[in-house]
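For the record, the sequence lines run as chains A and B.
For the record, in the first sequence the residue sitting at position 10 is 10 according to the numbering used here, with numbers rising by one throughout.
For the record, in the second sequence the residue sitting at position 91 is 91 according to the numbering used here, with numbers rising by one throughout.
Since the hints were made in silico from the structure, they are not lab data.
Every residue gets a Cβ at the ideal spot worked out from N, C-alpha and C, and that includes glycine.
Mixed in with the good hints, there may be bad ones.
Claimed, not checked - To give an idea of the interface, some chain A residues facing chain B are shown, with a C-beta separation under 10 Å as derived from the structure:
no., residue
1, A17
2, R22
3, S28
4, V29
5, Y36
6, K100
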Amino acid sequence: AQSVTQLGSHVSVSEGALVLLRCNYSSSVPPYLFWYVQYPNQGLQLLLKYTSAATLVKGINGFEAEFKKSETSFHLTKPSAHMSDAAEYFCAVSEGGNEKLTFGTGTRLTIIP
Amino acid sequence: GAVVSQHPSRVICKSGTSVKIECRSLDFQATTMFWYRQFPKQSLMLMATSNEGSKATYEQGVEKDKFLINHASLTLSTLTVTSAHPEDSSFYICSGGDVETQYFGPGTRLLVL
């Protein structure tokens, strides 16, 4: 079975500050890992994904994440927060691209002007 | 990335009626699609895996006779909520993907009065 833990249901950062959203996973097989963003009343948009290639993954909107097997982590970062980054962020794990996703509980990111 | 559409985006119905939600992959073929449910301020929970040309696979605790899934073509999966009750009110999201990534529809908000 797979699981995802997102530490911090709410994260607030100042505009221009570093964004760090934490995600730890559990998987009995090499995982596929994803970060999705959800704006209010909308579906999920893929930010980035790890699929066993490079451990440092760059995504859209300046986000990146690093896969650390030893720490079973896949934390999401962005050097400088923008107001438009305010949203709900979900980390997810699967056994493959066309396999079902197991989601974390989500982290609501608030940007302070 | 690939595009998944859902229709309707929002539906209000009376208790006891049935509601059908369509999920379409617009620019790719999806032999497998997934249906998720999201309650307010919560994460996505997988309801079922929709397989083209065969029966859907339901997650534990999801009533297959209440949530009917049909995947009759490689681009269309439907979820029918039968005899809907207020507790079925939720945000329903479908996804479809390729070998590496799941792409999500914009979601359907169901309100049962």
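(Q) Are any of the numbered hints broken by this structure? If so, which, sorted upward? (A) 1, 2, 3 and 4
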